[in-house]
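Novice: Here are the chains, one letter per residue:
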Amino acid sequence: MAEHYQLKCRECGKLWGNQPRSFCDECLSPLEVVYDLDAIRPLFTRKNIESGPTNLWRYSALLPLPEDYKATIPTGFTPLVQARRLGKQLNTTNLYLKNDAVCFPTLSFKDRVVATALAAARRFGFQVVSCSSTGNLANAVAAQAAREGFDAWIFIPSDLEAAKVVGTQVFGAKLVRIAGNYDQVNRLCSQIAEKYRWGFVNVNLRPYYAEGSKTVGYEIAEQLGWRLPDNIVCPMAGGSLITKIRKSFNELIALGLVEEKKVKFFGAQATGCSPISDAVKRKLERFEPQKPATIARSLAIGNPADGFYAARAIRDSGGWAEDVSDPEIVKGIQLLAETEGIFTETAGGVTTGVTKKLLEQGYINPSETTVACITGNGLKTIDAIQEEYTLTPAIEPRMTVFESFINDRMVAVAGN
Amino acid sequence: MEMKITVEIPTALRRFTDGVQTLECNSSTLPDLLGEIEQRFPAITKHLRDDSGEVRRFINIYVNEEDIRFLGGNGYKFQDGDRVLVVPSIAGGAPEDAWG
Chain A
1 MAEHYQLKCR ECGKLWGNQP RSFCDECLSP LEVVYDLDAI RPLFTRKNIE SGPTNLWRYS
61 ALLPLPEDYK ATIPTGFTPL VQARRLGKQL NTTNLYLKND AVCFPTLSFK DRVVATALAA
121 ARRFGFQVVS CSSTGNLANA VAAQAAREGF DAWIFIPSDL EAAKVVGTQV FGAKLVRIAG
181 NYDQVNRLCS QIAEKYRWGF VNVNLRPYYA EGSKTVGYEI AEQLGWRLPD NIVCPMAGGS
241 LITKIRKSFN ELIALGLVEE KKVKFFGAQA TGCSPISDAV KRKLERFEPQ KPATIARSLA
301 IGNPADGFYA ARAIRDSGGW AEDVSDPEIV KGIQLLAETE GIFTETAGGV TTGVTKKLLE
361 QGYINPSETT VACITGNGLK TIDAIQEEYT LTPAIEPRMT VFESFINDRM VAVAGN
Chain B
1 MEMKITVEIP TALRRFTDGV QTLECNSSTL PDLLGEIEQR FPAITKHLRD DSGEVRRFIN
61 IYVNEEDIRF LGGNGYKFQD GDRVLVVPSI AGGAPEDAWG
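If you read the protein sequences in the order shown, they are chains A and B.
The opening position of the first sequence corresponds to residue 1 in this note's numbering, with each subsequent residue numbered one higher.
The opening position of the second sequence corresponds to residue 1 in this note's numbering, with each subsequent residue numbered one higher.
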């Protein structure tokens, strides 16, 4: 093969070359991109990576990109910050946050997967790109399609947050609101993808799209000084991200960029939509689908496409999964904001709440290095948290009025 | 009165049904229905079920837009006129003829 990658069935192993296809005709199982690591070894070195651009394209050698692909969107390479104040509250000293709440251009980790998906869309000659989405993916596809000159058709459940709806429309994308939940939207899209010659990033381009998630893992390892953490806490919707971070670590080990380590993976879900954490906790071989009922709409996938693999990755790694209630999600958002100055969306509230829970339960050793993945931005889910805050009446712009105001406030605070 | 349900076969499996897209069946449960389909199109069997005889992990069955697992799974009794959809859970892939 000309390229160092191609599609392979995850179950029966059949090779499929490169084409817009997500499952194997033989056993209907998902396809995944596999690489010729020996051919890539001389290219994917610390030195080459460090001299690359400060975005996810520095890892191009291990992404499924067409030859001579010229990327124009400088996405990824988000901050990895040590969470000292949050760590102190949770009684751990080595807690880090991978902050994709500030991923470019649409403030979620979905910017990464769309970057690799659109490279594939270009390669296969699609003019229309599309997706089913709980919101963040919609924003990412719409924005990058605008920049790259694709037409975008976006399918969403009709009850999405206003910021995610406007944050899709503003880019000129065609928005189709479906009266149903994400799982119903996704099923419709799989039927549409059979009839229309569209590049659905998370349907027929899914194997290429999912590879973009690996860059979260590459970055974590590089930003820790080319070493792996002991634990990863990762939110789960479709379940793809957690499996891809694990794949990225295994590739780094195989290519000798980091020392071998058995990283434990911990999955985070909202209790109101927790098919994967439920399967892990009850040790089920197959997860049971659920009807989502949670404020964490970006994680509200009741029939997760990669749920089986996510649960297996967690089990095999020696990790665990947990879920948190809606009030715990809100508290998680506030805790992260108040201790670290990071405003995350509901999914980040899930990750923070679950990290707290796993530390309290003893599943995570507080002396080990733990990275929690914050995947989205709080400005997109204001409605989930707005009721927690009240506005004081506006005061006159006069010093005397302010002093009386602050005196009242001080009395109120002291009274508490 | 004889009960009739219709079953829609996904593109990926139509090569095992002689290209037939919609089947009329009269089974009353999912296990019976799989048996009925397999009796008519034996080549489809190993693509629908795994070695233990269960529906493959990555195939979803819907009845009138609802996942059959929410309706009782193997225990669900089909109603006359039910529309059954067989969909790969990681679905997608345009029809071959769209690719030239």
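I should point out that these hints are in silico values taken from the structure, not numbers from a laboratory.
It is possible that part of the hints are untrue.
To give an idea of the interface, some chain A residues facing chain B are shown, with a C-beta separation under 8 Å as derived from the structure [said to hold, decoys possible]:
#1 Leu28
#2 Ser29
#3 Thr93
#4 Asn94
#5 Lys261
From the three backbone atoms N, C-alpha and C, an ideal C-beta is built for every residue, glycine too.
Novice: Please name the hints from earlier in the document that this structure breaks, with their numbers sorted from lowest to highest.
Specialist: The structure breaks hints 3, 4, 5; every other hint is satisfied.
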